[in-house]
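Using the hints provided, position chains B, C, D, E and F relative to the given structure of chain A.
Take a look at the letters that make up each chain.
Number of protein chains: 6
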Amino acid sequence: MVKEFNDYRTRMNEKILAADNLNIKRLYNLDTNTYKEGALTVKTKEMLGLISSMVLRCDDCIRYHLGKCHNEKLTTEELFEIFAIANLVGGTIVIPHTRKALEYWDELITLNK
Amino acid sequence: MVKEFNDYRTRMNEKILAADNLNIKRLYNLDTNTYKEGALTVKTKEMLGLISSMVLRCDDCIRYHLGKCHNEKLTTEELFEIFAIANLVGGTIVIPHTRKALEYWDELITLNK
Amino acid sequence: MVKEFNDYRTRMNEKILAADNLNIKRLYNLDTNTYKEGALTVKTKEMLGLISSMVLRCDDCIRYHLGKCHNEKLTTEELFEIFAIANLVGGTIVIPHTRKALEYWDELITLNK
Amino acid sequence: MVKEFNDYRTRMNEKILAADNLNIKRLYNLDTNTYKEGALTVKTKEMLGLISSMVLRCDDCIRYHLGKCHNEKLTTEELFEIFAIANLVGGTIVIPHTRKALEYWDELITLNK
Amino acid sequence: MVKEFNDYRTRMNEKILAADNLNIKRLYNLDTNTYKEGALTVKTKEMLGLISSMVLRCDDCIRYHLGKCHNEKLTTEELFEIFAIANLVGGTIVIPHTRKALEYWDELITLNK
Amino acid sequence: MVKEFNDYRTRMNEKILAADNLNIKRLYNLDTNTYKEGALTVKTKEMLGLISSMVLRCDDCIRYHLGKCHNEKLTTEELFEIFAIANLVGGTIVIPHTRKALEYWDELITLNK
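Residue numbers (the working numbering), protein chains in the order written: chain A, 1 to 113; chain B, 1 to 113; chain C, 1 to 113; chain D, 1 to 113; chain E, 1 to 113; chain F, 1 to 113.
Here chain A stands alone, though its shape is the one from the complex (with noise of 0.2 Å):
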């Protein structure tokens, strides 16, 4: 599931990026930016932008980010203590991608063991 998402991921991504659209690679690019090292730490800017997905459920996002938290090695005690936030604010909708986000979680966590 992970090599999947990240394979599709990045070979549209190079598509996308290949079309030079100046404005779409100026956002790309943002995109990486925005989440680099500041006031704020690379871990809790990625807390950020995993909740951020969550509430407005974008599944693919939560993947993207989930990935990046485990490589700032978010606890997974941390990860449901976000989920609860998710859940609350974004109501009980949320519960279906809460429920995908888990087993991506546990196959980054069984893949990297």
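In short, the hints are calculated from the structure, not lab data.
Copies of the same chain look alike in the list, so a pair counts if it fits in one copy or across any two.
Result set (SDA-like, lysine to any residue): computed pairs, CA atoms no more than 20 Å apart in a straight line: (1) Lys68 with Asn6; (2) Lys25 with Lys36; (3) Lys25 with Thr75; (4) Lys15 with Lys100; (5) Lys3 with Glu107; (6) Lys15 with Thr110; (7) Lys25 with Thr76; (8) Lys25 with Glu77; (9) Lys15 with Glu77; (10) Lys43 with Thr76; (11) Lys100 with Val2; (12) Lys100 with Phe5.
All of these numbers come straight from a predicted model, not from anything done at the bench.
Chains B, C, D, E and F only, in chain A's frame:
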């Protein structure tokens, strides 16, 4: 489709609850209690849950409430009146979810013949 | 609040319809027809319209359906059960709209005493 | 992907219309009429339908309007300018839908070579 | 209404930019560039920005793009065709925003007579 | 602005709780508990609540979490990094809410000088 949905849902919900985050457990508990008979019947509450899921465009939530509505003896004619309101209030972006909802409903009916 | 809302709504709807865009007129017409008695009662349909407006967080739509629900003799106890489902499914972001909804409902009740 | 999407869409729409709910039939009818040539060209209206589907993040709606835009001779360069606005207004949560949109567009172009 | 909106918008945008967050400045800059003439005309892009704002139901964004569309000589007849698509795709929850949009548009026209 | 918001919020919440709907009371209770110190600090949780409210575009929720973040000693520089992520993920439709958020934040700071 029905069995696959229910199995995945049950399996992942168990994993989520196993993590023992108290606030998530409370939210899940509240989710069960809120749909219980009160001043409104369970059938009415499930219709309310269904249309909320439709206008918020959550396929898995729609499936869940379709199953519950079917248990409460909702008729296909009543279902289409819910579809009509959901497509009107939520707009034509609800149509693809209506297609999937009807497909699932048809399977629910076939399974229970 | 009730009178001001209804006056503005009526005045602007008349302006919109006066522009004579056929598709908009048809949509407005459909809006009226969809809530008419069918397999479901008008009261049930108005509850469905209300909760859809709540989870989609449209204050003016909420007010409109509160007015209709009041005409259909919805009780305050029933209303709170709708609130409970809306706040659960749509999450705590629905709370501010619930506050405004209750304020409007209280005025509807006072006006009709 | 194109054929599969169109077949499923046609088959389920026929089922929905077969249920003979008058308000749903009117809404589907209105859906057809609203995109007809008027003060705005069909091409402009389809671009408006496409971007609405993108910012509301409805993959099936995006596919439908991509097919229509392709019929109206939208160029890939124009498409990317729509993508740029959609990703800007709707945010980076629109990116995964842009990836799928481009994949579908590429298939539309290949099929029509 | 027009002057008040523009004044507040200008004043607060200046405050936001004064904070000197580089990523926000880049996003604002991108916002300006994305609507510039390209394969699509400024008028078409502004119509795309307007309908996106309508289906996402952001009154201030609608006002901003109405002002731009007015500069680009959008006619009232064209505007109503955009309204029709927005109300169809986004559903009747867009109607209250359409009322406010028309009110603002009328003031734009009166101011420019 | 701060006092008016808090007074209205308190007054209406009391009215809602006075209705004695058990499920709503539980949800409100859960709302309080979910933001308590756990594996994540209160400050981190409030940042998560704030950005969720921003991307979901709920001005009253934003105000509530701004107040909490201010209590937790969030700096203006940190706040702008949250703004940057919210505007990026949620798109430019978040900008009008960012303007209002900054206005409220400025008042919070002035009041506490």
